Amino acid sequence: MSAFFKLLARNRLALGGLIVMGLVVALALITPLLPLADPDATDTANRFLPPLSDGYLLGTDGLGRDLLSRLLWGTRLSLAVGFAAALFAAVAGAAVGIIAGFYGGRTDNIIMRGVDMLMAFPYILLALAIVAALGPGLVNALIAVSVVNIPFFARNIRGITVGLAHKEFVDAAKLAGMSNPRIILSEILPNVVPVIVIAMSTTIGWMILETAGLSFLGLGSQPPQADLGSMLGEARSALITNPHTSVIPGIMILIIVMSINLLGDGVRDALDPRLKSGALSRPMAATRVERKERPAPETSTDAILSLDDLHTQFHVKDRIYKAVSGVSLSVKPGECLGVIGESGSGKSVTALSIMGLVASPPGIITAGAARLEGRDMLSARFGELRRLRGRRVAYIFQDPLATLHPLYKVGDQLIEAISCHRAISKSEGRKKAIELLKSVRIPNPEERIDIYPHEMSGGMRQRVGIAMALANDPDVIIADEPTTALDVTVQAQILSLLSDLRRERGLAIIFITHDFGVVAQLCDRVAVMYAGRIVEEGPTMEILRAPAHPYTSRLIACVPELGEGKRKLEAIPGLPPSVDNLPAGCAFADRCLKAQDSCTKGEIGLEGSGSRAVRCLFPEPGFAEETA
Amino acid sequence: MGGYILKRLLLAIPVILGITVIVFLIMAMIPGDPATAILGSYATPDNVARINRDLGLDKPLVARYFIWLWNMLHGDFGQSFSLNRPVIDVVLERFNNTLILAGTSFVLCTVFGILAGVISAARQYGLADKAITFAVLLGISIPSFFLGMMMILFFAVDLRWFPVSGMTAIYGGGDLADVIHHLTMPALALAVVATGVVARLSRSAMLEVLRQDFIRTARAKGVREGRVIWGHALRAAMVSIIPVLGIQAGFVLSGAVYIEIVFQWPGIGRMLVDAILQRDILLVQGGVVFVASCYVIFNIIVDVAQSLLDPRIKT
Ligand code: SF4
Chain A
1 MSAFFKLLAR NRLALGGLIV MGLVVALALI TPLLPLADPD ATDTANRFLP PLSDGYLLGT
61 DGLGRDLLSR LLWGTRLSLA VGFAAALFAA VAGAAVGIIA GFYGGRTDNI IMRGVDMLMA
121 FPYILLALAI VAALGPGLVN ALIAVSVVNI PFFARNIRGI TVGLAHKEFV DAAKLAGMSN
181 PRIILSEILP NVVPVIVIAM STTIGWMILE TAGLSFLGLG SQPPQADLGS MLGEARSALI
241 TNPHTSVIPG IMILIIVMSI NLLGDGVRDA LDPRLKSGAL SRPMAATRVE RKERPAPETS
301 TDAILSLDDL HTQFHVKDRI YKAVSGVSLS VKPGECLGVI GESGSGKSVT ALSIMGLVAS
361 PPGIITAGAA RLEGRDMLSA RFGELRRLRG RRVAYIFQDP LATLHPLYKV GDQLIEAISC
421 HRAISKSEGR KKAIELLKSV RIPNPEERID IYPHEMSGGM RQRVGIAMAL ANDPDVIIAD
481 EPTTALDVTV QAQILSLLSD LRRERGLAII FITHDFGVVA QLCDRVAVMY AGRIVEEGPT
541 MEILRAPAHP YTSRLIACVP ELGEGKRKLE AIPGLPPSVD NLPAGCAFAD RCLKAQDSCT
601 KGEIGLEGSG SRAVRCLFPE PGFAEETA
Chain B
1 MGGYILKRLL LAIPVILGIT VIVFLIMAMI PGDPATAILG SYATPDNVAR INRDLGLDKP
61 LVARYFIWLW NMLHGDFGQS FSLNRPVIDV VLERFNNTLI LAGTSFVLCT VFGILAGVIS
121 AARQYGLADK AITFAVLLGI SIPSFFLGMM MILFFAVDLR WFPVSGMTAI YGGGDLADVI
181 HHLTMPALAL AVVATGVVAR LSRSAMLEVL RQDFIRTARA KGVREGRVIW GHALRAAMVS
241 IIPVLGIQAG FVLSGAVYIE IVFQWPGIGR MLVDAILQRD ILLVQGGVVF VASCYVIFNI
301 IVDVAQSLLD PRIKT
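From first to last, the protein sequence lines stand for chains A and B. Residues 1 to 628, numbered by full-length UniProt numbering, are exactly what the first sequence covers, in order. Residues 1 to 315, numbered by full-length UniProt numbering, are exactly what the second sequence covers, in order.
Please keep in mind that the hints were generated in silico from the structure rather than gathered at the bench. The structure presented is a predicted model; accordingly, all values stated were derived computationally and were not measured. Glycine residues also receive a C-beta, built at the ideal position from the N, C-alpha and C atoms. Treat the hints with care, since some could be wrong.
Distance condition first, Cα-Cα at most 16 Å in a straight line; then the derived EDC-like pairs of lysine to aspartate or glutamate [claimed, not checked]:
1. A/Lys317 with A/Glu298
2. A/Lys432 with A/Asp473
3. A/Lys292 with A/Asp309
4. A/Lys332 with A/Glu298
5. B/Lys130 with A/Asp265
6. A/Lys409 with B/Asp310
Across the chosen pairs, the derived CB separations fall in these ranges [what the hints assert, rightly or not]:
7. A/Lys431 with B/Leu10: 40 to 46 Å
8. B/Tyr125 with A/Pro181: 31 to 37 Å
9. A/Lys431 with B/Gly3: 31 to 37 Å
10. B/Leu10 with A/Arg319: 40 to 46 Å
11. B/Arg312 with A/Gly16: 41 to 47 Å
12. A/Ser611 with B/Ala131: 26 to 32 Å
13. B/Asp58 with A/Pro181: 40 to 46 Å
14. A/Arg319 with B/Arg312: 35 to 41 Å
15. A/Pro181 with B/Met29: 27 to 33 Å
16. B/Thr36 with A/Leu34: 44 to 50 Å
17. B/Ile5 with A/Gly383: 42 to 48 Å
18. B/Ile67 with A/Gly135: 21 to 27 Å
Examples of chain B residues toward chain A, derived with CB under 8 Å [to be verified]:
19. Asp54
20. Ile152
21. Val291
22. Val296
Take these sequences, add in the hints, and give me the full structure.
So, in structure tokens, the structure goes:
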């Protein structure tokens, strides 16, 4: 609760709203104590005095009544009526909602039908009908406004009650022989009250506005009594000649409603947990790059794509998560590099960093380079980067149901992949799309082209994802766990498809996975990642035969049988360290059976001879023998 | 599709019947003899006898309801005593004017609301976002009737850009240009609140969508950022914006009552308020049932639009 108030206080606008609202309420409360003129005392000699006249701070209205006094009394009345209407609607609505939600079945059905009917009205029609039946008057307007708002509360509260009605403590109370009304009062109500209060606080501004509105129409408070609405309504006839009589009550309504809205927004933000974590911010078109130093010049030359000392971090509030800290990789044309690690190892972030696709905020690339044929794409301007995306370097993502647009036909999504890089006629695009679907072995491509992603099976969708990546004959494909969501047979098909395509088209592939079985089938070389760093790197077959890093050997031990690896890596006991608080030295030390004191003393480099490298002080015996 | 529309129309029948029941029950709350209540100051013995015969007001409640419903199904909504015309004629004529006003406002709030919301989301925390957020807060806080009055003071009285009130000029008015001239201010005043609500919702819907994986896919394909925002993202966000447009239509229709009073627009809202003050019960009853039913139909159109937009909805 105190955290809630702290959040509210940090929101300066909400605090402002709270203060203004507090002032208005305080003013309304002490109005009877203030030395004010009688708000209803007419004085025809002093009609329409302008503000700041002698003895009349805000002037007078058409009957010579003191506007300041009328304003304060009117505010008092408007607040009271609005509050009463909100309270009445909340109590009645909550009662209806609790009964419907608690008893369920027929009762629920009938009540909620009725509520739906009430909601089918544009709200004011209902209010007008009620006022028409009861006759104009402040109390009747209050009733009308509350009745109109009952459905809102009834629905909200019913939803909560339904959830509560099946909780253990309610069952326990039933078993203990408590009567239903008692259960409602003692078990349900206390849990619902906070919701009622919040719903009330969000509607109270609305209620004040609505009752003022009915008064404005002449259907609410009747002369000489006046709330803010009827003050405004009465002043309307003198709008042009004496605008101050309208402006004064109007501004007051504006102030009240605005401060309540500000407060309500603040409350809502404070209650929404997503806003705290900053998760509601939208990612920009490309990841932010904030490098302190220019990246070192290109070293290897035969690579089509290379990463050089890449650092990618997530800045959330005052914490820094070092998702990737110093990863260097490269692939040659026609080569397939596997990047393997547990979830959270930074392998996906590495892959997404290459083309600036890490969500930003909160992601920031803080150092390193990502080079395509020697050209650093992290220094490229967005326009250039965009033209490279999908055309030279294409991505295949995990879970194609989420990664394909749900509302576009698959054919259109394929055609778009082409048309955003070169002009293409409609018929030509369609032809090309069909070809692409054929190339990924989708049966009946002529028909499939016109269906939506949700109408396909998971395997078919992933083929569409691959087809989309192939659309522009890219040089590099980055596949981010493309088979994880699929079952084993489909997975095998997709893998063989990828390996055929690689052979036919000379593609370079970076394949991200957590499964050594998959790596074994497809990849020439593999890099093992742990806590944002590469801990071992080398030719797949050699690493499989003789892993050097203790972590790698444990990963390999997790694969039950090559090619069938659906098993999760969680089989390794313990968890990787949190990347916002990395230990000194080897990040794996906590889980490593061979850990020594020296392992946590200082930086351990990625060292090796020939094609292999390892980041470990005490590499596995098999590896030591081989390199020795 | 046709089947879906038919199904929705059939489902609307019980809702509209429910509306008639609710309106009827509310009107039955009027204390005293219904005939005298309806006739008010016109309650001569002759008139009482006639209305009892026509509407069966001396019969029990249930019978009265069905007679009333039966008459309405035949297009007979009764006679307005204050205007001495058939209710349905007055309602149709006035509703037409309200549609011109509310329809324009609805289009305005949809277009500008979505526009502002998308820009705000795409420039989250930027200057445009802050400006729009502030404008929206102001817009949803200002009572439309007060805003209307201030607009009259400023644009009609001071600047003389627009007429103070009415729908057409008294002399020689009535053509399209004249109506647009009269329509501008009330339509804008009416649209402000709804625009704010739509903008707010569009912004949060867009922020929600922009974080989705398929947006990343579009960017990975190399789609231009403009198309990512206004195409991919907005298209997906529309799925949550459209239902709110349906709700906002109801709010625009409701707000029209105030605006019609402020600008003396001869619409159905002003007719209803006058009828209440004159205690012309049949006119109120007929007007409310008619407008509420139209709103139900409008919501069917919204649902159909939604199903056209979202292929995942089973039709
Ligand atoms: S450096 Fe030490 S703790 Fe780390 S993997 Fe090697 S042996 Fe284990």
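Hint check results:
1. Distance hint between A/Lys317 and A/Glu298 is unfulfilled; the C-alpha atoms sit about 35 Å from each other, more than 16 Å.
2. Distance check on the hinted pair: A/Lys432 and A/Asp473 sit about 12 Å apart at the alpha-carbon level, within 16 Å; holds.
3. Between A/Lys292 and A/Asp309 the CA atoms are separated by roughly 13 Å; this keeps the pair inside 16 Å, and the hint holds.
4. Taking the CA atoms of A/Lys332 and A/Glu298, the gap is near 15 Å; set against the 16 Å cutoff, the hint holds.
5. The suggested pairing of B/Lys130 with A/Asp265 holds, with an alpha-carbon distance near 15 Å, which does not exceed 16 Å.
6. Between A/Lys409 and B/Asp310 the CA atoms are separated by roughly 11 Å; this keeps the pair inside 16 Å, and the hint holds.
7. Against the hinted window of 40 to 46 Å, the Cβ-Cβ separation of A/Lys431 and B/Leu10 comes to about 44 Å, which satisfies the hint.
8. For B/Tyr125 paired with A/Pro181, a C-beta distance near 51 Å fails the hint of 31 to 37 Å.
9. Checked against the hint of 31 to 37 Å, the C-beta distance between A/Lys431 and B/Gly3 comes to roughly 34 Å, which is consistent with it.
10. Checking the proposed 40 to 46 Å range against B/Leu10 and A/Arg319 shows it is violated: the Cβ atoms sit about 56 Å from each other.
11. Between B/Arg312 and A/Gly16, the C-beta spacing of about 43 Å keeps the proposed range 41 to 47 Å intact.
12. Checked against the given bound of 26 to 32 Å, the beta carbons of A/Ser611 and B/Ala131, roughly 58 Å apart, lie outside it.
13. Roughly 42 Å separates the CB atoms of B/Asp58 and A/Pro181, a value that falls within the hinted 40 to 46 Å.
14. For the pair A/Arg319 and B/Arg312, the beta carbons lie near 38 Å from each other, so the given range of 35 to 41 Å is met.
15. With their beta carbons about 28 Å apart, A/Pro181 and B/Met29 fall inside the hinted range of 27 to 33 Å.
16. For the pair B/Thr36 and A/Leu34, the beta carbons lie near 47 Å from each other, so the given range of 44 to 50 Å is met.
17. Range check, B/Ile5 to A/Gly383: Cβ separation about 46 Å, and the 42 to 48 Å hint holds.
18. At roughly 25 Å, the beta carbons of B/Ile67 and A/Gly135 sit within the given window of 21 to 27 Å.
19. Hint status for B/Asp54 relative to chain A: violated, with the closest Cβ pair at about 20 Å, above 8 Å.
20. Proximity of B/Ile152 to chain A holds as hinted, the smallest CB-CB distance being about 7 Å (cut-off 8 Å).
21. Because the smallest distance between the Cβ of B/Val291 and any Cβ of chain A comes to about 6 Å, under 8 Å, the interface hint for this residue holds.
22. Checking B/Val296 against chain A by beta carbon gives a least distance of about 6 Å; that is within 8 Å, so the hint holds.
When each numbered hint is compared with the structure, violations occur for hints 1, 8, 10, 12, 19.
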